[in-house]
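Engineer: Chains as they are written, first to last, in my numbering: chain U, 27 to 612; chain C, 1164 to 1531.
One should not assume that every hint holds.
Stated by the list, open to error - Ranges of calculated distance between the beta carbons of each label pair, as one might list FRET restraints:
(1) C/T1204 <-> U/I37: 52 to 62 Å
(2) U/P163 <-> C/T1204: 32 to 42 Å
(3) U/V76 <-> C/A1460: 52 to 62 Å
(4) U/Q303 <-> C/E1225: 49 to 59 Å
As the list claims (entries may be wrong) - Some chain C residues well away from chain U (every beta-carbon gap over 12 Å; in silico):
(5) A1211
(6) Q1229
(7) V1230
(8) P1276
(9) T1279
(10) E1286
(11) A1296
(12) V1332
(13) Q1378
Unchecked claim - In silico negatives: residues of chain U with every beta carbon more than 10 Å from chain C:
(14) V83
(15) G217
(16) P283
(17) E284
(18) Q347
(19) G489
(20) R547
Hints in this document: simulated from the structure, not taken from any laboratory.
Yeah, the Cβ is synthetic: ideal placement off N, Cα and C, and Gly gets one too.
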Amino acid sequence: MRLGIVWRTGIAMALIGVLAAGLTGYYGYTESRALLQTAAEQRLLTATRVLARQLSVGLDTASRDALMLAQHPGTIVLLDTWHRQEPEARGSTMAAMFKTILQTRPEYFQMRLIAATDHGAERVRVERSEDGLSRTPEDALREKGHYPFVVETLALPNGAVYVSRASLYPESPRHEGGARPALQVATPVYGPHAQAMGLLVIDIDLDRLFTQLAADLPATLSLYLSNSDGDFLIHPDPKQAFAFDRGQRALIQDAFPETRKLMGAPSEDIQQVVTTQVSNASDQALVAAFVRHRLTGVHNDEGYVIGLGQPLRDVLADADQLGRTSLRIALAFSALAIVLAALLARRLSKPLQQLLRAIREFGHGSHDAPLPLPVLRHDEFGTLARAIDEMQGQIRAQFASLELKQHELDRLASHDTLTGLPNRRLFMDRLTQAMARARRHQSELALLFIDLDNFKDINDNEGHAAGDDVLKLMSQRMTALVREVDTVARLGGDEFIILLDGADDREEITLIAQRMVDVLRQPVIYEGKLLQCGASIGISCFPEDATDMTELIAAADQAMYRAKHSGRNQLCFASSGEENKVRSGP
Amino acid sequence: MASLTPPPRRFVKLRRLLLRLGMSLCLPLLTSLPHTARADTPVLRVLAWPGYVESEVVREFEARHQVRVELTVIDTDEALWQKVTATQGPAFDVFAVNTAELQRYVASNHVQPIDTTRIANIERQQPRFRQTAAIPGLVRPSPHGERVYAIPFTYSAMGLIYDKRQMQVPPSSIHALWDPQWRGKVIAYNGGSHNFSLAAQTLGLTTPFHIPPDQLEPSVTKLIELRRNALGFYTQPEESVHLFVRHKAALMFANYGMQQVHLLRAAGVDVGYVIPREGALAWLDCWAIPRDAHHAALAHAWINHLLDRTASQLLVTRQGLANTVDPVDQRMGGSNLVWLQPVEDAAQRERLWGRIHTGNRLSKVLTP
Chain U
27 MRLGIVWRTG
37 IAMALIGVLA
47 AGLTGYYGYT
57 ESRALLQTAA
67 EQRLLTATRV
77 LARQLSVGLD
87 TASRDALMLA
97 QHPGTIVLLD
107 TWHRQEPEAR
117 GSTMAAMFKT
127 ILQTRPEYFQ
137 MRLIAATDHG
147 AERVRVERSE
157 DGLSRTPEDA
167 LREKGHYPFV
177 VETLALPNGA
187 VYVSRASLYP
197 ESPRHEGGAR
207 PALQVATPVY
217 GPHAQAMGLL
227 VIDIDLDRLF
237 TQLAADLPAT
247 LSLYLSNSDG
257 DFLIHPDPKQ
267 AFAFDRGQRA
277 LIQDAFPETR
287 KLMGAPSEDI
297 QQVVTTQVSN
307 ASDQALVAAF
317 VRHRLTGVHN
327 DEGYVIGLGQ
337 PLRDVLADAD
347 QLGRTSLRIA
357 LAFSALAIVL
367 AALLARRLSK
377 PLQQLLRAIR
387 EFGHGSHDAP
397 LPLPVLRHDE
407 FGTLARAIDE
417 MQGQIRAQFA
427 SLELKQHELD
437 RLASHDTLTG
447 LPNRRLFMDR
457 LTQAMARARR
467 HQSELALLFI
477 DLDNFKDIND
487 NEGHAAGDDV
497 LKLMSQRMTA
507 LVREVDTVAR
517 LGGDEFIILL
527 DGADDREEIT
537 LIAQRMVDVL
547 RQPVIYEGKL
557 LQCGASIGIS
567 CFPEDATDMT
577 ELIAAADQAM
587 YRAKHSGRNQ
597 LCFASSGEEN
607 KVRSGP
Chain C
1164 MASLTPPPRR
1174 FVKLRRLLLR
1184 LGMSLCLPLL
1194 TSLPHTARAD
1204 TPVLRVLAWP
1214 GYVESEVVRE
1224 FEARHQVRVE
1234 LTVIDTDEAL
1244 WQKVTATQGP
1254 AFDVFAVNTA
1264 ELQRYVASNH
1274 VQPIDTTRIA
1284 NIERQQPRFR
1294 QTAAIPGLVR
1304 PSPHGERVYA
1314 IPFTYSAMGL
1324 IYDKRQMQVP
1334 PSSIHALWDP
1344 QWRGKVIAYN
1354 GGSHNFSLAA
1364 QTLGLTTPFH
1374 IPPDQLEPSV
1384 TKLIELRRNA
1394 LGFYTQPEES
1404 VHLFVRHKAA
1414 LMFANYGMQQ
1424 VHLLRAAGVD
1434 VGYVIPREGA
1444 LAWLDCWAIP
1454 RDAHHAALAH
1464 AWINHLLDRT
1474 ASQLLVTRQG
1484 LANTVDPVDQ
1494 RMGGSNLVWL
1504 QPVEDAAQRE
1514 RLWGRIHTGN
1524 RLSKVLTP
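Model the full assembly from the supplied sequences, consistent with the hints where possible.
Structural biologist: This is how it looks when you write it as structure tokens:
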């Protein structure tokens, strides 16, 4: 089945509606998803920067603690007079201070005062163990002069702070086992003669520091820390952290290639990146933010890269919800579009169908009672309807005029122009019909053949106008004398013929014919003159005189001639001896 | 050729859109495919010293044998011993060890014999390295004939590196490491076995590899003195270079020998290298296959690969180390080398050195 234009338009509109809803939904979803991901990345980045800032604050606190103790006069005196003091009592005040600080700072696991002399001998050392805080006895104190942090710190000016690379502590886990990521914050202790007498060291447990820093972060976030070479120091997978200490490399650049930008020569341009780590298993994909963190205000030969990772699944959970909502909205709007398109198609098709029906009906000829058109509408359909209506009006007028002309032509073809009487042709038609009717009903009819007397004289003497006048008057008189069903016709010149339908009574026929003769012999006044005219009438009857039309007329004609020969104003029947005689006027 | 006529313009954008939609649906499916194949790739676990295995060598091997190589770098004999003998974790397939240390592994049945017929590149080696029976410790007799337990790979001597600008006269003895003149300018190696051997040499013992019990305390004392004279200790070549450059050291005990000279010169330091008159400890590192290696066949292929052109060349050009395929390095000093031998008690040397290094005093170090 071929679809109409209305339905095709409707389907097209429905498709456009569905497409519009679908595309709006799709692009809305992708855009929103990107926005959501960007927002999540920004949140992650902000959290990472806050974390980096907190690391700074944490190290700053340690720096200030170290400086406060290093610049304490008691510390200088202690180092200066160490060998002159009683071995049992020396350093107890310092140890008490260390303990006080360690109690308030859970991320510190050890504090030491180290002398510049005696190969970097430890003087006071308080460490945190599972049993609590304890001061290391003097015979267990060590010489640390060959450690980089001691060498580096002693080379610093007064008031400067050194922060070491992160390393595992104890320094040689291979020998002692059980190591934790740690870094040292150290500051030199300067004596009165501007010489470095020793150093004050705070050992910080990185795991504990970050546990504290990240305490407020959601549990799903994973924390990363790498040194400036990219080696992981903190990683959710313990095998990745400090891998270099086990002879392997686990680099942040390999796990998150984007972080390469943060490595190498310190550049001011890129200090942070957000990256997505695509994993083999899609549920392990991560969005991670990294911040390169350079320690300011302290002496440190490296920075750190701090990162926070969040499962991509979590980031996109909102987006997926959004996607489902978008899909539902798109489907709802698509359905709405289809319904609206159907309604619109119906609305369009209704007036169109109405117009079509009206035109078709009009075409089939019912001009007089056309189907109603939606002419009252104010839209294009209204305009079209009005135009069609106007066209129909014009067509109707044309038809009416044509009909009128046809009617006139018909009349001209069947009537005599002068008298308005039926002419020979029309008369022959009527006679044919009347004879057929008479045969069917076995009725009778009569023909009166009339020829005017003296007409030639009037015509010759008074002129054609007078002749015409006479002919008109005579025809009026004849018409006035017969019934409506009878036919009076002019055969030509001054010859007339009258068909009396259903005339079977010869007496009555005679009566009519006689009255005709009488009326026609009445004078005619023409321009004040009395013109004398008259008529001779021949009568034939059907079926008595002839059953054939021509013969019947001929019979009446002959009877008329007989009447004329027997003197004017006579009538004569075509048949029967007695009636055959010409009757004279009264 | 109707198919060659371009589609009407108005459809092009729609097509692109549909293509994009289709691709966004199909891409996750496509990208998830290759990963599934990777899980089955065999992993060859290699233990080696810094600089032995360059990344090109690994990539070449991985491509040739369709495997993945997991490289673990060790920097002390002790770490190597612990990893090879570890009972936990996946076993290693091949490792680099010096001839002296190898004895420990053979004696404790931690290595398996090597099928030399599967290592075609042995043919490329110099004759003195092919004659494995002549090298102490590589070959052990068995009921089925002699068995080879390791294939020589590289060798070096632990001479002394000095900064030519600070030391106009090259050090002639290892006593220079203890010289108070260079206090805080000396760098030494953070490893027990070699340091005790060094102490034994200084003490004038007959062999550095066997310290009698009565000489243990003097040795420890000697090493504490070394610690007090030292700027710092290193385990990795790069670490030693960093220390040397940053703190302007004058003298260094070169555990990695020429490898460190090479790196220091590359770092722009004008250094000299000497073999002390006591003789330099020298090592010959070989490839060996652990007893419980998972991929013994691949391990043989690995050894063969490491004797090939790429690895041998890189060892010389990038690390300054000697290989076994080129003629013998003349800088080795010939006669004055003390080839490493098994020590009397490696575990004890490591334990004691660990205590020394953390800064303990004599009494604490010698505590049982």
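Engineer: Taking each numbered hint in turn, which are not upheld by the structure, reported in ascending numerical order?
Structural biologist: Of the numbered hints given earlier, those the structure breaks are 2, 4 and 5, listed in rising order.
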